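Student: Note that the working numbering has the sequence shown beginning at 1, numbered continuously upward.
There may be inaccurate statements among the hints.
Unchecked claim - Derived EDC-like pairs (lysine to aspartate or glutamate); straight-line CA-CA distance at most 20 angstroms: (1) 275 <-> 224; (2) 356 <-> 401; (3) 275 <-> 338; (4) 275 <-> 451; (5) 185 <-> 438; (6) 352 <-> 415; (7) 352 <-> 379; (8) 275 <-> 293; (9) 356 <-> 338; (10) 382 <-> 353; (11) 164 <-> 415.
What the hints assert, rightly or not - Beta-carbon label-pair distances, calculated as ranges: (12) 41 <-> 117: 24 to 32 angstroms; (13) 460 <-> 382: 38 to 46 angstroms; (14) 186 <-> 411: 19 to 27 angstroms; (15) 381 <-> 131: 26 to 34 angstroms; (16) 138 <-> 91: 39 to 47 angstroms; (17) 98 <-> 70: 22 to 30 angstroms; (18) 81 <-> 33: 43 to 51 angstroms.
Rather than coming from a laboratory, the hints here were simulated on the basis of the structure. No experiment lies behind these values; they were computed from the predicted model shown. Even for Gly, the Cβ is constructed at its ideal location relative to N, Cα and C.
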Amino acid sequence: MPLINVIRGERIEPAPFNVRTPYLKLPLWLVLLAWLGKGLLSLAVLLVRYWVVTLPGLALAALYLKYGWHVPVVLVLVLGAVGACWWGFDRTTFGRFVGYPVLGRWRRWIYRRQWFPAMVTAGLGVTFDGRTVIPVVKRVRCTAMADAITVRMVTGQIPDDFAKVSERLAHTFGARACRVSAGSKPDLVVITLLRGDPLLATVPPFLVPDEPDFRSLELARREDGDVYALRLFGTQVLVVGATDAGKGSVIWSLLRALASGIRSGLVQVWAFDPKGGMELAAGMPLFARFACEDFRAMADMLEEAVATMRERTARLRGKTRQHVPSVGDPLIVIVIDELAALTAYLTDRQLKDRIKAALGVLLTQGRAVGVHVVACLQDPRKEVLPFRDLFPTRIGLRLTEEAHVDLTLGEGARDRGALCDRIPRSSPGVAYVVLDGDPTPMRVRFSYLTDDDITDLAHDFARLRPVARGGAAA
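Turn these sequences into a full structure, and let the hints guide you.
Tutor: Below, the structure written as structure tokens:
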């Protein structure tokens with residue numbers, strides 16, 4: 001007889017019960033005694049398993065039997081008043097320790113009622129030896145915006161199997177979206193069903209920190225309500241988005257996070273705006289270098305950045321593996337508003353080759369010595385951006401085609417929930433990013449700075465020496 005227990009999962013029998021001819025004839029009293037023992041054991045298991053409900057119930061029953069109904073009623077009223085005061089004064093801790101754990105247990109019961117048809121219709125059920133085996137719900141954790149369901153997979157399944165049907169699962173359980181990530185153990189997967197949406201409203205600008213933390217620059221609001229912080233150290237950043245997708249929100253959010261370092265001289269921003277300065281010219285007082293019309297000046301600036309990088313490499317070789325910014329040796333951030341204008345659409349072949357060569361060197365060698373590139377682009381195809389893979393950090397805003405999602409965020413990103421092609425035009429600044437250590441894309445919305453906000457930022461955090469318009473300047 002085959003061994004069913006080699007298949008990990010929850011078995012669903014083809015019938016409510018199976019009957020077979022007994023091998024032994026037992027007395028009726030012995031059968032009844034066995035049933036009674038089994039019932040008592042099941043009751044004990046239920047009492048222990050659902051102790052959150054059974055323990056208070058038994059305590060109230062004991063108080064009723066000893067003191068009458070007055071004491072349990074007064075106790076319930078007092079506890080209710082304490083809970084109401086707690087909820088009124090500190091909803092965050094109340095939700096964390098009381099509200100969300102209770103809601104998680106309730107939701108777990110709700111999900112288990114729908115689980116079998118959901119798994120079978122999504123193609124996640126496995127038929128083995130005439131029996132259907134489905135993944136098992138282990139735990140449900142709730143937050144204000146999402147439910148995280150920890151699931152034990154059936155033998156032979158991987159998290160990508162769930163990611164491929166994430167959209168189907170979202171519709172099945174009535175969620176706005178579904179994210180799939182690996183669990184804490186190899187046989188676990190976490191299905192996050194997103195219900196609320198904190199990204200509907202425009203995100204106001206974040207406060208400028210007294211000193212920028214290059215490992216955690218606060219730029220956007222995440223869909224789970226937390227803040228998305230960009231790690232600039234050790235990376236190059238590529239921002240991809242269609243027209244009016246909100247690339248300016250990403251740039252100005254980054255410049256605002258770096259503003260105190262720009263004012264003190266700890267950071268130098270070299271800005272490139274090939275569209276004639278329409279986007280970045282308003283922040284000229286923030287820039288150490290600026291070019292918007294002269295492509296030859298842009299090529300010169302990039303080659304100057306390469307020379308600076310090589311000088312630092314020679315100076316720091318053998319002393320440190322990571323450049324530490326200082327006023328005398330600042331972090332250089334090269335911001336390019338439309339990279340394709342320099343790498344694909346430039347008609348002067350000689351200038352194009354110079355720019356490509358300089359960018360290739362900066363992207364491969366600049367991170368360790370404090371020269372970082374933040375580039376914006378509309379089309380992520382190889383013929384437009386041949387060195388796309390040299391950007392470790394990528395941000396996908398609204399895109400026009402499904403294929404562009406995987407080109408931007410990596411193979412399989414759309415299956416894991418990065419629906420960049422479905423971001424509405426009415427939500428500029430909404431994007432998908434990949435967090436450190438988690439391949440599941442996270443939906444975020446970058447802060448929006450009005451023209452007045454940009455003007456005030458440039459005035460309040462200007463460098464000591466403003467730059468000239470239209471070309472490279474010191």
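Student: Give a verdict on every hint.
Tutor: These are the hints, each one checked on the structure:
1. 275 <-> 224: Judged against 20 angstroms, a Cα distance of about 35 angstroms means the pair is violated.
2. 356 <-> 401: At roughly 26 angstroms apart (the allowed maximum being 20 angstroms), residue 401 and residue 356 break the hint.
3. 275 <-> 338: holds, 7 angstroms
4. 275 <-> 451: holds, 18 angstroms
5. 185 <-> 438: holds, 14 angstroms
6. 352 <-> 415: Distance of about 36 angstroms is beyond 20 angstroms: violated.
7. 352 <-> 379: holds, 18 angstroms
8. 275 <-> 293: holds, 8 angstroms
9. 356 <-> 338: holds, 14 angstroms
10. 382 <-> 353: holds, 16 angstroms
11. 164 <-> 415: holds, 5 angstroms
12. 41 <-> 117: 24 to 32 angstroms: Distance hint for residue 41, residue 117 holds at roughly 31 angstroms.
13. 460 <-> 382: 38 to 46 angstroms: Cβ of residue 460 to Cβ of residue 382: about 41 angstroms, so the range 38 to 46 angstroms holds.
14. 186 <-> 411: 19 to 27 angstroms: holds, 22 angstroms
15. 381 <-> 131: 26 to 34 angstroms: Violated, since residue 381 and residue 131 (Cβ atoms, about 48 angstroms apart) do not stay within the stated range.
16. 138 <-> 91: 39 to 47 angstroms: violated, 28 angstroms
17. 98 <-> 70: 22 to 30 angstroms: 26 angstroms Cβ-Cβ, so the 22 to 30 angstroms window holds.
18. 81 <-> 33: 43 to 51 angstroms: The hint (43 to 51 angstroms, Cβ to Cβ) holds, given that residue 81 and residue 33 are roughly 48 angstroms apart.
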